[in-house]
Structures are given as structure tokens and as C-alpha cells.
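J.: If you want the building blocks of each chain, they are given just below.
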Amino acid sequence: MEALEDGVLDGNAIGGMLIEVFGAEMTTAVGICGVCGTRGQVAEMPVYQGRMGSVVRCRVCDNVLMVFVEVRGITCVDLSGLASLS
Amino acid sequence: MEGTAVRRRLTWQTATVGAVIDETSKVRTLSLDVPDWGGHQAGQHLDIALTAEDGYRAERSYSIASAPGEPVAITVERLDDGEVSPYLTQDVQIGDEIEVRGPIGGYFIWDPPVSGDGPLLLAAGGSGVVPLRAILRHRDLVGSSVPVHLLYSVRSQAEVIYRSELDHLNQEADGVNVIYTLTRQQPPGWTGYARRVDQQMMAEVAWPVAPGPLAYVCGPTNFVEAVASDLVALGYPPQRVKTERFGATGTPLLSGLEVV
Chain A
-1 MEALEDGVLD GNAIGGMLIE VFGAEMTTAV GICGVCGTRG QVAEMPVYQG RMGSVVRCRV
59 CDNVLMVFVE VRGITCVDLS GLASLS
Chain B
30 MEGTAVRRRL TWQTATVGAV IDETSKVRTL SLDVPDWGGH QAGQHLDIAL TAEDGYRAER
90 SYSIASAPGE PVAITVERLD DGEVSPYLTQ DVQIGDEIEV RGPIGGYFIW DPPVSGDGPL
150 LLAAGGSGVV PLRAILRHRD LVGSSVPVHL LYSVRSQAEV IYRSELDHLN QEADGVNVIY
210 TLTRQQPPGW TGYARRVDQQ MMAEVAWPVA PGPLAYVCGP TNFVEAVASD LVALGYPPQR
270 VKTERFGATG TPLLSGLEVV
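Chains as they are written, first to last, in this note's numbering: chain A, -1 to 84; chain B, 30 to 289.
Worth double-checking, as some hints may not be accurate.
Just a sample of chain A residues kept apart from chain B, beta carbon distances all over 10 Å, derived [what the hints assert, rightly or not]:
| no. | residue |
| --- | --- |
| 1 | L7 |
| 2 | N10 |
| 3 | G14 |
| 4 | T26 |
| 5 | G32 |
| 6 | Q39 |
| 7 | V67 |
| 8 | R70 |
| 9 | T73 |
| 10 | C74 |
To give an idea of the chain A side of the interface with chain B (calculated C-beta under 8 Å), a few residues [to be verified]:
| no. | residue |
| --- | --- |
| 11 | A1 |
| 12 | L2 |
| 13 | D4 |
| 14 | G5 |
| 15 | V6 |
| 16 | D8 |
| 17 | A11 |
| 18 | E18 |
| 19 | E23 |
| 20 | T25 |
| 21 | D76 |
| 22 | A81 |
Please keep in mind that the hints were generated in silico from the structure rather than gathered at the bench. C-beta: ideal position from N, C-alpha, C; glycine also.
Chain A extracted, bound-state conformation (with noise of 0.2 Å):
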């Protein structure tokens, strides 16, 4: 695995926004990558923030897992390229 560059967070950094989405802690559920099958913990997974939201990628094969949007006060969320997420 490459490292990660400065100013690539990690899941942790949007705990916070994601019990807003999901009503529950979510940085220790556990995702599949739908690309490469990598699993791994939210809270490991590189996190990419910029003023729009937050992009999670897979850790190993760079698939966007999730994305997050605040749109006019409401998150649209895109989870697309998650096999599962629990």
C-alpha cells in the first residue's frame, strides 16, 4: 500500500457528519470495497475533504466508496461503490 499524502484524512474526521446520516456510530462498521473486495473499518479508510464533501476511497484499489454532498442544508449520499457496509 502507498502511503497516504498529507491533508488525506481518515474516517474519524467525519464521524460526526456520518451519525448525522445514518443515526448511529458508524467509524468501526466494517466495508466492502465493491471493486477489489478490500474490508476494512470506516474509520482507516482515506478520506478526501473539500469544500463541497467528503470522498472515501478504498484504501488499496482507490475505488470511491462513498460520497457526501451537503446540498441546501440536506447530505445526498452516494454509496454506490460499497459491496456492503455493516
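We have chain A; now place chain B onto it with these hints.
T.: Same frame as chain A, but now just chain B:
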């Protein structure tokens, strides 16, 4: 949820600044009076939101600096081009109200009965020391005898946060050993580490793998990446190396630094 109260939904609430402590020239600890605080665990964080008069809202995450059972406190490092940290480190007054949401996080926490009694390796880069300080205080308050090594990488002695407290806790008889590496500037006669962490340093500082150590690594991403990969190379199982990364510039971040 057998036997537990129904958990209330996590919501923003108003906290009042109760006390202010200057830790270094750029770092300040704020204690917060949060009326509806459900209690926190060592290593968790909270979110803070500031809203400007024009409605612009900025949210940042900060690690909780206090132990479970203590009043909520955060330690904030000022980024001169930040949107939130200059207010929290320079302008905020005792009695001011700020919006908070927390506690947050179930991964980067130390909970003695669950975490086991293997020795602890705590590794901090800069203000990454904040959640590790909560762990050390918790260990002290519950009377745990789990041995601890804290490796604290910081640019200079003047930038050490919680210096007097760490000096006080640094008692071999009590099982705590604080090891500094001063990466940019060292005082005259300094005999400790004076470089960025590397595998040689981790091999010297980390517990052997046999007693089942548990590692908590918090700091800027490049620090966390280096320490975590060195520990895995030394034989630490990845699931025994808990990591929390923050950025130095950019967007929300953890542990007292803000990334916008």
C-alpha cells in the same frame, strides 16, 4: 439494545466556555460547559460550528483533551489562515457560547476492560498528543497499571503541549515513559531524539510484540503513515495499531489542528 437506555440522537447544542489555559504560544485549552453531555470516552472528539453574521458556517473537529468524567475540554492549535482556530485561540472569552456536537467516534478510543491489559504505545505528532493525553489522564484516574510509552514528535521544546503535566506523569515507577523527538530545534545539551520518526526509532521505543501491545497513533497524515507502517513492519498486527489522521492545511480536521 438490551439493558441500555435509548440513545438520544446526536444534535448540535450550545456550550459555554468555562476556562481558558494557554499551553504554548499557539495552543490553547478551552473547557466547555455542555449542559446535555452524555459523557465521553478517552480518545473521542467533538465537532464545533461557528456561524458568521452573514450565515456562513464553518465546522471543525477537535479531539477531547479531558478524561471521561472530567469537564469537557478541547485543545486547539492556531492556524494563522484558519477560519475557526484563530477565534478559538485568540478571541474567545470565558462565558462565550459556541455550538458543539459530540462525543464522536468509536474507533480511536481506549477503554481498559475492552482494550485489554497489553502495554500501550502512544505516538503523537504535534497536536496529535491531545487525544493521547485524554488516554493518559484516564489511565491515571482509573488507577490502571498498564505500562505506557508515549513517543511525542514535536518541532521544538517550546511547542510541547501539556509539558508540565507530561513531566509529572513521566514516572518509570508508575509505568509511564515519555520520549520526545525534537525535529527542528533542540535545547543545548539535548541528548534525546532529534529527527523525524523512522523505523530505527520505532524499534527502540515500541514494546516487543509478544505481550500484545496496543498502539494509538495520532498526528498529521505523513506522521501517522510512517509510524503505522513501521509498527506493522516490526510485527504489530494492523488491528492493534489504531490511527487518526489530520491535515495541516485544508478542511476540517481532528486534534486541534484545522484543515480548511
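J.: Mind verifying the non-interface call on A/L7? Its CB should be farther than 10 Å from each CB in chain B.
T.: For A/L7, whose nearest Cβ neighbour in chain B is about 5 Å away, the distance does not exceed 10 Å, so it is violated.
J.: So, as I understand it, the hint says A/G5 touches chain B; can you test that by seeing if any CB pair is closer than 8 Å?
T.: With a closest approach of 4 Å, the A/G5 hint holds.
J.: Are all C-beta atoms of chain B more than 10 Å from that of A/C74?
T.: holds, 17 Å
J.: Far enough from chain B: is every CB of that chain over 10 Å from the CB of A/G32?
T.: Consistent with the label, A/G32 stays out of reach of chain B, its closest Cβ about 22 Å off (over 10 Å).
J.: Does the CB of A/L2 sit less than 8 Å away from some CB of chain B?
T.: holds, 5 Å
J.: Given A/D8 as an interface hint, is its Cβ closer than 8 Å to any Cβ of chain B?
T.: holds, 5 Å
J.: A/T26 clear of chain B by more than 10 Å, beta carbon to beta carbon?
T.: With a cut-off of 10 Å, A/T26 comes too close to chain B, as the shortest Cβ separation is near 4 Å.
J.: With a cut-off of 8 Å on the beta carbons, see whether A/V6 makes it to chain B.
T.: With Cβ-Cβ at 5 Å, under 8 Å, it holds.
J.: Does the claim that A/G14 lies outside the interface with chain B hold up, using a Cβ gap greater than 10 Å?
T.: violated, 4 Å
J.: A/E23 was flagged as interface toward chain B. Is the shortest Cβ-Cβ separation under 8 Å?
T.: Interface hint status for A/E23: holds (4 Å vs cutoff 8 Å).
J.: So A/R70 supposedly isn't at the interface. Is its beta-carbon more than 10 Å from every beta-carbon in chain B?
T.: Non-interface label stands for A/R70: nearest chain B Cβ at 12 Å, farther than 10 Å.
J.: With a cut-off of 8 Å, does the beta carbon of A/E18 approach a beta carbon of chain B closely enough for the hint to hold?
T.: It holds, given that the least Cβ distance between A/E18 and chain B is near 7 Å, below 8 Å.
Hint compliance for this structure: hints 1, 2, 3, 4, 6, 21 and 22 are broken, all remaining hints hold.
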